[in-house]
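K.L.:
Take the sequence shown: its position 20, counted from the start at 1, is 20 in full-length UniProt numbering, and no numbers get skipped.
No wet-lab data here; the hints were simulated from the structure. Watch out, some of these pointers could steer you wrong.
Claimed, not checked - Label-pair ranges, simulated between beta-carbon atoms:
hint	residue 1	residue 2	range
1	PRO15	GLU156	18 to 28 angstroms
2	SER118	ARG24	32 to 42 angstroms
3	GLN41	GLY16	33 to 43 angstroms
4	VAL74	ASP121	16 to 26 angstroms
5	ALA153	GLU33	42 to 52 angstroms
Unchecked claim - No farther apart than 20 angstroms at their CA atoms in a straight line, the calculated lysine to aspartate or glutamate pairs in the EDC-like style are these:
hint	residue 1	residue 2
6	LYS137	GLU91
7	LYS37	ASP90
8	LYS143	ASP12
9	LYS143	ASP90
C-beta: ideal position from N, C-alpha, C; glycine also.
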Amino acid sequence: MADKILSWYFEDFVPGNIIQLGQRTVSEDEIIEFAEKFDPQSFHVDKEAAKNSIFGGVIASGWHTCSMIMRMVVDGFIADSSSMGSPGVDEVRWILPVRPGDTLTVTAETVASIPSSSKPDRGVVHTVWKAVNQDGKTVCTIKGMGMFGRRPASVERN
């Protein structure tokens, strides 16, 4: 059986490279819908209570923000990669609230690529995912890692 040709293998994640993952605008309805299911704090689900909170209005759950970033990462490169999953994240920072109507621009920066010393068919890629709002302000960063398969000898680089 021939190797499936993917766009992203371990070797493609070079420290310093930044992958542009596009933009996504967040609606109030989706903020409330997500929060009602997964994080029903008043400033996420109750417009009146949110007005009287320190936020002055409804804001997205940080977990919603992380979920939106994850979707953009999957659509941007993971779905077309040799991903073997992730051993975890080291840090999540919710720097500014995400508000209805915000447009998030997401990037993934490779900070380190470490070949496995025990399994030569893979390596670990350390990344920082960053979401910036329409004003150019960082709203969330996620530092983590993913395992990716090495490019098979039979597959040439695209």
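K.L.:
Could you run down the list of hints and mark each one as holding or not?
P.N.:
Now the hints, each set against the structure:
Separation of PRO15 from GLU156 is about 23 angstroms and conforms to the stated range, judged on CB atoms against 18 to 28 angstroms. Roughly 38 angstroms separates the CB atoms of SER118 and ARG24, a value that falls within the hinted 32 to 42 angstroms. Between GLN41 and GLY16 the beta carbons are some 38 angstroms apart, a value that agrees with the proposed interval 33 to 43 angstroms. Separation of VAL74 from ASP121 is about 22 angstroms and conforms to the stated range, judged on CB atoms against 16 to 26 angstroms.
Distance hint check for ALA153 and GLU33: the Cβ-Cβ separation is about 47 angstroms, which falls inside the suggested range of 42 to 52 angstroms. For a cut-off of 20 angstroms, the pair hint linking LYS137 to GLU91 stands: about 19 angstroms separates their Cα positions. For a cut-off of 20 angstroms, the pair hint linking LYS37 to ASP90 is broken: about 26 angstroms separates their Cα positions. For the given pair, LYS143 sits about 19 angstroms from ASP12 by alpha-carbon distance, which is consistent with the 20 angstroms threshold.
Annotation: proposed proximity of LYS143 to ASP90 holds, straight-line Cα distance about 6 angstroms (limit 20 angstroms).
The structure is inconsistent with hint 7 alone, although it conforms to all the rest.
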